[in-house]
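Enquirer: Each chain, letter by letter, is given below.
2 protein chains.
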Amino acid sequence: MTAWQRLTLFSFPYYEDNRAAYTENLTNYHTFRVSGYDATLGYVKNSVVEKFPWPKEYWNIDAQLRTVTLITPAGADPALRSKLIQESIGEAARQETFKVLKGWRNENYPVYAPGGEYIFEIERSAACLFGVVTYGAHMTGYVEDSTGLKLWIPRRAKNKQTYPGMLDNTVAGGMCTGEKPFECIVREAMEEASLPEDVVRASITARGCVTYTHVRDVRAGGETGLLQPEVEYVYDLKLDPSVIPTPGDSEVEEFMLLSVKDVQDALARKEFKPNCAVVLVDFFIRHGILTAETEPDYLDIVARLHRRLEYPTASHCVR
Amino acid sequence: MTAWQRLTLFSFPYYEDNRAAYTENLTNYHTFRVSGYDATLGYVKNSVVEKFPWPKEYWNIDAQLRTVTLITPAGADPALRSKLIQESIGEAARQETFKVLKGWRNENYPVYAPGGEYIFEIERSAACLFGVVTYGAHMTGYVEDSTGLKLWIPRRAKNKQTYPGMLDNTVAGGMCTGEKPFECIVREAMEEASLPEDVVRASITARGCVTYTHVRDVRAGGETGLLQPEVEYVYDLKLDPSVIPTPGDSEVEEFMLLSVKDVQDALARKEFKPNCAVVLVDFFIRHGILTAETEPDYLDIVARLHRRLEYPTASHCVR
Numbered sequence: 001m002t003a004w005q006r007l008t009l010f011s012f013p014y015y016e017d018n019r020a021a022y023t024e025n026l027t028n029y030h031t032f033r034v035s036g037y038d039a040t041l042g043y044v045k046n047s048v049v050e051k052f053p054w055p056k057e058y059w060n061i062d063a064q065l066r067t068v069t070l071i072t073p074a075g076a077d078p079a080l081r082s083k084l085i086q087e088s089i090g091e092a093a094r095q096e097t098f099k100v101l102k103g104w105r106n107e108n109y110p111v112y113a114p115g116g117e118y119i120f121e122i123e124r125s126a127a128c129l130f131g132v133v134t135y136g137a138h139m140t141g142y143v144e145d146s147t148g149l150k151l152w153i154p155r156r157a158k159n160k161q162t163y164p165g166m167l168d169n170t171v172a173g174g175m176c177t178g179e180k181p182f183e184c185i186v187r188e189a190m191e192e193a194s195l196p197e198d199v200v201r202a203s204i205t206a207r208g209c210v211t212y213t214h215v216r217d218v219r220a221g222g223e224t225g226l227l228q229p230e231v232e233y234v235y236d237l238k239l240d241p242s243v244i245p246t247p248g249d250s251e252v253e254e255f256m257l258l259s260v261k262d263v264q265d266a267l268a269r270k271e272f273k274p275n276c277a278v279v280l281v282d283f284f285i286r287h288g289i290l291t292a293e294t295e296p297d298y299l300d301i302v303a304r305l306h307r308r309l310e311y312p313t314a315s316h317c318v319r
Numbered sequence: 001m002t003a004w005q006r007l008t009l010f011s012f013p014y015y016e017d018n019r020a021a022y023t024e025n026l027t028n029y030h031t032f033r034v035s036g037y038d039a040t041l042g043y044v045k046n047s048v049v050e051k052f053p054w055p056k057e058y059w060n061i062d063a064q065l066r067t068v069t070l071i072t073p074a075g076a077d078p079a080l081r082s083k084l085i086q087e088s089i090g091e092a093a094r095q096e097t098f099k100v101l102k103g104w105r106n107e108n109y110p111v112y113a114p115g116g117e118y119i120f121e122i123e124r125s126a127a128c129l130f131g132v133v134t135y136g137a138h139m140t141g142y143v144e145d146s147t148g149l150k151l152w153i154p155r156r157a158k159n160k161q162t163y164p165g166m167l168d169n170t171v172a173g174g175m176c177t178g179e180k181p182f183e184c185i186v187r188e189a190m191e192e193a194s195l196p197e198d199v200v201r202a203s204i205t206a207r208g209c210v211t212y213t214h215v216r217d218v219r220a221g222g223e224t225g226l227l228q229p230e231v232e233y234v235y236d237l238k239l240d241p242s243v244i245p246t247p248g249d250s251e252v253e254e255f256m257l258l259s260v261k262d263v264q265d266a267l268a269r270k271e272f273k274p275n276c277a278v279v280l281v282d283f284f285i286r287h288g289i290l291t292a293e294t295e296p297d298y299l300d301i302v303a304r305l306h307r308r309l310e311y312p313t314a315s316h317c318v319r
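Going down the list, the protein sequences come from chains R and B. All letters in the first sequence, in the order written, are residues 1 to 319 by full-length UniProt numbering. All letters in the second sequence, in the order written, are residues 1 to 319 by full-length UniProt numbering.
No lab work stands behind these hints: they were computed from the structure. Predicted model, so just to flag it, every value in this text is computed and none were measured. Take these hints with a grain of salt, some might be off.
Unchecked claim - Here are the computed distance ranges between Cβ atoms for each label pair:
(1) B:95 to R:118: 55 to 63 Å
(2) B:199 to R:187: 37 to 45 Å
(3) R:190 to B:268: 34 to 42 Å
(4) R:118 to B:218: 37 to 45 Å
To be verified - List of simulated lysine-lysine pairs, DSS-like, C-alpha gap at most 27 Å:
(5) B:238 to R:261
(6) R:238 to B:150
(7) B:150 to B:273
We put the beta carbon where it would ideally sit given N, CA and C, even for glycine.
Excised from the complex, chain R in its bound form (with noise of 0.2 Å):
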C-alpha cells in the first residue's frame, strides 16, 4: 500500500477507529437535506455553506443544527426540485463563488432518498459542493499468457478537465441519471477505447463494486477538504492479445499494455487518478496479486475497499 493510495481510502476517518475524532471531524460540516425525507444526503463543509449564495426562498440554514435544507412544496417531484438546485447553483456559477464550479460539465447526476429512490439530479461539477453520492463503473482491461497478467492502462488527455496526463482504468466513466453500470461501462468501452460491443458483451464480467469517501485535495482543483463519497461498479475484461484498445474519442492519448509490476511502479510514483488506484488495490486483491502474506494492512484495506456509506444509495435493479 502506497501513500497515494492511502490518500483516498484513508482520508475520511471511521467510527470504528475513533469515536470523538469521527464526530469532531463532521464538526466542520453541514448535513445536505431535502424536505420529506429523513436523510443525510451529503456533508457540505462549512465554509462552503458561508459563501454559497442560497435563495431564500427555498433552502433553509440552521447553524445550530448545521444542516442546509432544500424547501420545497408537498408534491415536489424529481424535475421540480432538480430545477430548484440548478437555478441555485447556476447563480453561484454566476458569481463565481466557486473554484469547483468553473468545470461545469453539463452532465447531471442523480441523488437517491433511502429505499433507492431517485430524488433529483444535479450539475456533475456541483455534487462536491453538496458531498453527495456519485456512482461510476470501471473496468480493467488485460490479457494473461505465459509470462503472467498484463493491464490495458490508458494514459488521460493532456488537455482533460481533471487531472490531465495521468494514468487510468482502461475504461470509466460517471453514471448519469438514468444509467445502469453495465450499459454505462459497454457504451464507454466503444466510446474510450473502441473495444466492439460484440468483444465486450462476449467477456466482460461484473466484479462487485468499491465504495469509499473521497475528501478532495489540491491534485482535484479548486476548493480543498469538499467530500466525494463514491460508487464504483467494478469490471474485469480478460482480452484477446489480439485484441488492442485505442483511443475511441479525445479523453484518452494512448493505450499502453503493463506488467503488474509497472503497474505497481507507476501507483508508487502516483501516477494514477486516485479512485482508479482504488480500482486497481481492489483488482489485485480479487486476482491474488495483492495478499494476507504479503500486504501488512491486507484486513484494514479489503474493508476500506468497501466502506458503508453513510447516505442513502442507488438500487440499479431492473427486474
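Please build the complex by placing chain B on the supplied structure of chain R, with the hints as guidance.
Expert: For chain B alone, kept in the frame of chain R given last:
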C-alpha cells in the same frame, strides 16, 4: 438475498444506519480488555459477565464502565495471558456455567492487539463468550464447462458438533495460533476434500476476504446473543472436471457438484451453514452472478460483506 443470508450479515447494527440504536445495543455488552493495551478486544454479553466465575486475582469487572479487564503483571507475555484465560475458562467449564463450553474443542484461536500484535490464545469454544475476532479460510471449488458453472458443495457429517448435516463451502477451516491463511487452506483441502497439494497450489487463487459480526442464535446451539466477529479469507479453485473431491476425514459426509441454481435454491431453503452462505454470496458477486441489475440490495450487501470491524485484527504478512 434470502432471509437466511440476512441473518448473519444483517444481525449486528451499524453506526451509520442509526447512531442511537447502535449505541443502545452496545449497552447489552461489556468491553473485553487486557491491561497494557488501549483497545476493545471483544464484547462480552452482560449475562455472561454476571454468570462467569471470574477469578478475582486477575480480573477486574467494572459495572459502571461495563468493562471486563484481564489484569496481568508488568512484563506479561502471550503465554502468561493465555494461561490465565485458560484457567478461567477451564473453571467455568468445570462448573458447567455455559452451554457453549460443552463443545470444548482443544483448539486455540489467536487474539491480536492494535498493529496486529499477537497477545494471547483462547480455546475455540470460548471465543464467542469474549466476542473476540476469529479467523478462517474458505475455498470454493468449481468447474466451468459449456453448460455453465458448477460448485463442489459438501454436506457436513451428521455427528459434527456444530451445524450437523448442513451444507458447507468446498473446503473451510478455522485458523489456529500461528497459521497463515494460504497454508491453512492448502492443508484443509487435503484433510477435508482429499485434494492433492500440487493440484491446489497450482490453481488456487486468493480472492480477498469477508468480514462481519455474527450474532449467535439458536441454530449455533448454546447461549444466544453472543458476538462472533469473523474474518474469512476467501479462495477460488477452478478444478478440472476429472478432479473429484472426496471426504478425507470424518467432517464431511459427501461432496455434490451443484449448479448455481441448485446452490441458490439450497441457500433459500437455509441449508447452508450461515458463514458459508456469506462466502457464497461473495463468490456470486465476484463471478458476475449476483449483480447490481439483479439484486436490489447490491450495494448494501457488498459493504456488509466487508464490515470494518470494531476491534484490532491480525496481520498475516510474512514479509
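Enquirer: When the structure is checked against the list of hints, which entries are broken? Sort them ascending.
Expert: Violated hints: none at all, because every hint is consistent with the structure.
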